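Each chain, written out:
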Amino acid sequence: MSFLEYRVKFVPTGLRKVLHLNWPLIVLVTAVSAVGWLALYSIAGGRMDVWAGRQMQVFALGAVLMLFVAFVPIWFWRNMSLLAYIVSILLLLVVEFFGSMGMGAQRWIEVGGIRLQPSEMAKVTLVMMLAAYYDWLDVKKTSRLLWVLIPVVLTVIPTVLVLMQPNLGTALILLMIGGTVMLLAGVSWWYFGVVISGIVSTVWAIMASRGTDWQLIHDYQFRRIDTFLDPTSDPLGAGYNIIQAQIALGSGGWGGKGFMQGTQSRLNFLPEKHTDFIFTTLGEEFGFVGVFSLLVLYALILVFCYVSAMQNKDRFSVLLILGIAANFFFYLAINLAMVMGLAPVVGIPLPFLSYGGSAMLVLLVAFGLIQSAHVHRPR
Amino acid sequence: MRRSPKETEDSARVTHRRALLMGGAMTAMFAVLGARMRYLSVDQADQFKLLAEENRISIRLIPPARGLIHDRNGKVLAANEQNYRVVITREDAGNVDEVLAKLAHIIPLTADDLDRTTKEMRRTSPFAPITVADRLTWEDLSKIALNAPSLPGVSPEVGLSRQYPRDTDFAHVLGYVGPVSERDLEALESPDPLLRIPKFQIGKIGVERWLEDQLRGRAGTRRIEVNAVGRVMRELEREEGDPGSDVRLTIDADVQNFVQARLGDESAAAVVMDVTNGDIIACVSSPSFDPNLFVRGISHTDYNGLMENDHRPLANKTVQGLYPPGSTFKMITALAALEAGVITVNTTVRCPGHLEFGGRRFHCWKRAGHGAVNLEKSLSESCDVYYYDIAQRVGIEKIAEMGKRFGLGIRHDIPMSAIADGIMPNRAWKQERHKQDWRIGDTINASIGQGYVLTSPLQLAVMTARIATGRAVSPRLVRSVDGKDVPVPEAPDIGISEDIMRKIRSGMFAVMNAERGTAKSSRIADEALVWAGKTGTSQVRNITAAERARGVISNDQLPWNRRDHALFVGFAPYANPRYAVSVVVEHGGGGSTAAAPIARDAILRALSGGLPPLSAYPASQRNRIESMLQKLPLRDADGRAPESTRA
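Protein sequences appear in the order of chains A and B. Just so you know, we're using UniProt numbering here: the first sequence kicks off at 1 and counts up by one. Just so you know, we're using UniProt numbering here: the second sequence kicks off at 1 and counts up by one.
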């Protein structure tokens, strides 16, 4: 069903929308963010002014944005999708040519003192764009080659631009988001089968080529793979982060060392402890129990997104909600797998916890879209 | 655009189905993450906890204070002084160059200091304190403290460093300490971790080296919490170590000082030994050097100066200097012959001034000859021919055996560096060393302490002590460690009949006191202290037949390093021996003129417990001795050097 097909008069208007917001989701998001403030306060050695205070300000701004987005009817956002997508592609281009260097990669542009990371934005606009595309597309054409290639191109454009920054982690997530929305829209399994088997055979070929005359990648690249598979082989170099992160997580034990008692984070053994590796601080200070509780909170956020999507009959809304939920999940899963030593170290923040303005704002706006879809769902 | 309800429903169903599938995948991922977390923080928790502790806790050593070294009366010979340093910490200093410039106005800093500081700073962490200047005076330190507010990041620090208050007197005995080198570490099987502390001092030579284990002490430990870059966050635990043991030597610092001063600028060595227990009372090698220079890190100029000096100040001549004993060896030859029974105390030999043997002529020092010579006369007038004769009768093996019984050619184990064994030659030795057969001529040379015989001043002192007591006295240098006396082993009897020993001693008595004794001018006049001794003059060059025909060139006419070594050994009092002394003056000329007077002054100093009493000297010498003694640059009661010689 498209919004054109349902009667708008059943949708709440004005301040009554407040009653129809998905409140459990808002509470959960706030709760997870609050855990983040706690962690940032602890890592700074009990100081608000270093990270936690600023993070709370960003959250407050983001919450206002979220509510604003939630109050605007979802069909407005649907109509904005193409524009938003084009704007974010343009911003990616701007970053490519005029962006500032951060961590050895061009990632942000500064507009009036605010750092914008267009790559963060692109994740949401891509979901919007694809959702709007499939809302528009005749369902029968979904699996036809031409109509499959269009969303592939729509996904590949921002992916390539992000890859050129270079930001491998975000590029990967963009690809996965694109694939996910296409999968949810009902594109035939055959396409996925071909792509996945293509990837698998490429990886197999690369690994099998090692040491032979037709070796496909450089020796140093193989060594990087080795380090990933066994970080202890390079404990002071590439393996350092991952070893220290695991020590932090493991030494927390069942109940943790206690709030502000984490030695790994307090004594700076943890790299990026307030950004990508913030989860390790929580693991160290609150142990398995604390971390497990956090995982439950994250899982609940996903569950409520799912419930909202299942209640919704609008195709754009469903794809949007599930696409954003998938985006959220990819962040989460890659970050956690990374800090636990299950995945290579790529620069992916932990949603709502890691210190950083852009990611937080974009995520809250995205959840605003979910709220808007929820409030304005056909009844 | 209108869609058929069926299409809409179909597509919604596909989406729902796939969403559920994705939800399943997400759940699986959550399960994996949860299981991994459980593995890390529950199953492997103990291991990771240990690793986290290892990360955070670092153990630092607290260096112990090095044991002090005292003389036999408790005077301090090696002390630990407070070493004031000024350190700078980059992160606290802010503008380092500015702060250093200010500091240079307050205390004297060389361009070298500043250069080294800035260089070091580039290499180390911003919070690591770097030493700007070492060994500051108390005044400089208080100036820094006073100006502290304008010197951010600068702080004074105190450490301990070795200091030798009687610098030159004990350079050879004590040796010195210095920073641990790679070579020091390699020499040790399992080096004490203490030695890895930067600038930790270790004994390099002498007593400092050989008693290193006792002097060093045991390190304390500090368990501290450090962060990832090594900055100390706090101290968790502290365990104090044990300071090193104090060592008391047998040496009397005042006697040592007196003898050092008495040797003056000569290249010489003297040993004074207590014959009753082997205590070394003085052990002096001259010229000396200031060991404090080495502790601080000696400059190239100073070091080259010491190395190029032909009097070899760095060598400890008392134990590592080897000299032909010359006539001081004659007692050994006589003892060998007497004990073997080849002569009696009354046997006489006619001395015509030389001995012909195998076409070679061996000369007596007195060209005219001594006429009929018995044992006593052979010693008092030091007749060479007498010994040429009896040595042939007794043979080198018995002489060498006797020499070793009296402590020559064997190593005496005292805690000093580079102790030489000396050489007490016999047939087997020459065969091994020179691959040649022993010849009678070698025996003849050896009989008067020339040829292959080489002895150190310490060995000569031991020999004299053994002659004086008839016991196999062994030298010792350490009186007590940590307040516990080192036991004196009972010296075994030397195993020679007292009749023979008495005869030898009376021969040595005649050397000093007989009308024609070679060292009569160095006799002791005091009835209670009269003494016995033996002079020696050992050649360091061959005298050719041609030169002998022209007349032997006197020592005064020769360059310094071609002159004879002057030797003297003696003991006092003759009636009841207390001290033995040996003196070697390199290239000093005759033993009676160059060595014996020094030996007398040294032994009188030891016997009297103060400056040698003039009454002990023959009346005719007293004026000369008095002015000589007055001019000696002796230290005051606190061990301070006299003004004139102070650096």
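Incorrect hints may have been included.
Lysine-lysine pairs mimicking DSS-like chemistry, simulated, CA-CA at most 30 Å apart [to be verified]:
1. LYS140/A - LYS199/B
2. LYS102/B - LYS141/A
3. LYS6/B - LYS119/B
4. LYS313/A - LYS6/B
5. LYS49/B - LYS102/B
Cβ-Cβ distance ranges computed for the label pairs, FRET-style [what the hints assert, rightly or not]:
6. ASP482/B - ASP49/A: 49 to 59 Å
7. ARG54/A - ASP46/B: 32 to 42 Å
8. PHE68/A - GLU9/B: 39 to 49 Å
9. SER125/B - ASP49/A: 22 to 32 Å
10. ARG123/B - ARG224/A: 25 to 35 Å
11. SER233/A - ASP43/B: 18 to 28 Å
12. ARG16/A - ASP46/B: 29 to 39 Å
13. SER233/A - ARG411/B: 25 to 35 Å
14. GLY198/A - GLU9/B: 32 to 42 Å
15. HIS105/B - ARG224/A: 22 to 32 Å
16. GLY198/A - SER125/B: 24 to 34 Å
17. VAL32/B - ASP49/A: 50 to 60 Å
18. ASP92/B - PHE98/A: 34 to 44 Å
If you are wondering where the hints come from, they were derived from the structure by calculation, not from laboratory data. Bear in mind the structure is a predicted one, so any value in this text is a computation, not a measurement. Glycine is no exception: its CB is placed at the ideal position from the N, C-alpha and C atoms.
Next item on the list: List, from low to high, the hint numbers that the structure doesn't satisfy.
Entry: 1, 2, 3, 5, 8, 12, 13, 15, 16, 17
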